[in-house]
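Participant: Sequence:
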Amino acid sequence: MSASSGESGAAGGRSADDVAGGGAAGGGAASGSAAAVGGGPSGGGLPAGGPSGGGPSGGERGQVPEGVPEMPRPRVREFAAHSIGGGLALLLGLVGLLLGAALIAVGGAAASGGARGALIILGIAVAIASVFAMSGLNTVAPGEARVVQLFGRYRGTIRDDGLRWVNPLTSRTRISTRVRNHETAVLKVNDAYGNPIELAAVVVWRVEDTAQATFEVDDFQEFVSTQTEAAVRHIAIEYPYDAHDEGGLSLRGNAEEITEKLALELHARIEAAGVQIIESRFTHLAYAPEIASAMLQRQQAGAVVAARRQIVDGAVGMVEAAISRIAEQEIVELDQERKAAMVSNLMVVLCGDRAAQPVLNTGTLYQ
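Each residue of the sequence shown is one higher than the one before, starting from 1 at the first, in UniProt numbering.
To be clear, the hints were calculated from the coordinates, so they are not data collected in a lab. Glycine included, C-beta positions come from ideal geometry on N, C-alpha and C. Misleading hints may appear alongside valid ones.
Each pair of labels, with its calculated beta carbon distance range [to be verified]:
hint: 1; residue 1: I311; residue 2: V189; range: 30 to 40 Å
hint: 2; residue 1: H244; residue 2: M318; range: 27 to 37 Å
hint: 3; residue 1: Q221; residue 2: A109; range: 57 to 67 Å
hint: 4; residue 1: A129; residue 2: N181; range: 40 to 50 Å
hint: 5; residue 1: E70; residue 2: G314; range: 46 to 56 Å
hint: 6; residue 1: I237; residue 2: N181; range: 16 to 26 Å
hint: 7; residue 1: A125; residue 2: L163; range: 18 to 28 Å
hint: 8; residue 1: V348; residue 2: L249; range: 31 to 41 Å
hint: 9; residue 1: R153; residue 2: E198; range: 42 to 52 Å
hint: 10; residue 1: E246; residue 2: I311; range: 14 to 24 Å
hint: 11; residue 1: I237; residue 2: I311; range: 31 to 41 Å
hint: 12; residue 1: E256; residue 2: P196; range: 20 to 30 Å
hint: 13; residue 1: R309; residue 2: N181; range: 39 to 49 Å
hint: 14; residue 1: V305; residue 2: E256; range: 23 to 33 Å
Build out the structure end to end from the sequences listed, making use of the hints.
Facilitator: Following this line, the structure appears as structure tokens:
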């Protein structure tokens, strides 16, 4: 018992040195895109993992995007708690219980009153000590961890799955390190042009640093939910739904770029809680109902203009090719007036909405 406490204290001292040295334990941001889940080592230490979307890796503080407040540096970082295999501890505990029961039985059968009382008291003490020692047993499932505290001080995290034994005086808090989804509600915000839009997003995340998730924030799940909504709102007001400029970014036309920016902002907001962002993605994006019909007409008008522009560009190319080919093959000699008439007729035929009605000219262009 004393050796276990001493090693735990030494681990705690190393933890304090690590914290004094600075350096934040990163969760990962996402980008917009899915990234491979970087699992931390089962033995302890700070698990490695970078955010999807090219953010900084865990253990480094990334550059905070513009407009996002910088989170405070974490005061504690995860390290491995001192623990031993639970099988041996369980066996020793059961042996102690049997020994205590045997002492009580022998004491009850002893003839001498003083020896009887001493054996019974010793047997009870051995049984109580065995039960107390076995209270340090923990079952850790895959995808789970136990945050160990001794009288309020962090003493490490157990990530090894199976039956483990730690100092019975410690408290062990269960925390899941499995991958989770968080989907925001449909949010109504104004885009960069002031148009009301509706959008929602889904974030795939997991706990990467159990110490930060436990001690740096009050409720890391609520923290992730609130910061995700704040990041989605901030991204929505930074960009328009549809860009009027050719080179401008828009929520609808540049989904990958916007999603990557969302992942970087999420990483900057959530890394203080020891959370890694694996992927973030918009699941709903539309104009608000009150302007949806007007915006639909605008989109339709834009589509018509774009189609007309393409038709005109194609028609000009066809007319140019026709005139050049006639001139090269010397099919007929055309002066400027005849060329103008031919161009006019071809443009009308090629750009018209309906089929042209041919008219035969039996006269001449010259009076």
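Participant: Could you say whether the range 42 to 52 Å given as a hint is met by the Cβ separation of R153 and E198?
Facilitator: holds (47 Å)
Participant: Honestly, do A125 and L163 meet the 18 to 28 Å range at C-beta?
Facilitator: Holds: the Cβ-Cβ distance is about 26 Å, inside 18 to 28 Å.
Participant: Range first: 20 to 30 Å. Now tell me if the beta carbons of E256 and P196 are that far apart.
Facilitator: holds (24 Å)
Participant: How does the Cβ-Cβ distance of R309 and N181 compare with 39 to 49 Å: does it lie in that range?
Facilitator: holds (43 Å)
Participant: Has the hinted range 14 to 24 Å been met by the Cβ atoms of E246 and I311?
Facilitator: Taking Cβ atoms as reference, E246 and I311 lie about 20 Å apart, which means the hint holds.
Participant: Do the Cβ positions of Q221 and A109 conform to the proposed distance bound of 57 to 67 Å?
Facilitator: Check passed, 58 Å falls within 57 to 67 Å.
Participant: Quick one: are I311 and V189 within 30 to 40 Å, going by C-beta?
Facilitator: Holds - the Cβ-Cβ distance for I311 and V189, about 38 Å, lies within 30 to 40 Å.
Participant: Is 23 to 33 Å respected by the C-beta to C-beta distance linking V305 and E256?
Facilitator: holds (26 Å)
Participant: Hint says 16 to 26 Å; check whether the CB-CB distance for I237 and N181 agrees.
Facilitator: Holds: the Cβ-Cβ distance is about 25 Å, inside 16 to 26 Å.
Participant: Mind checking the hinted window 27 to 37 Å against the Cβ distance between H244 and M318?
Facilitator: holds (31 Å)
Participant: Honestly, do I237 and I311 meet the 31 to 41 Å range at C-beta?
Facilitator: Given range 31 to 41 Å: holds, Cβ gap about 37 Å.
Participant: Is the gap between the beta carbons of E70 and G314 within 46 to 56 Å?
Facilitator: holds (53 Å)
Violated hints are absent here; each numbered hint is respected by the structure.
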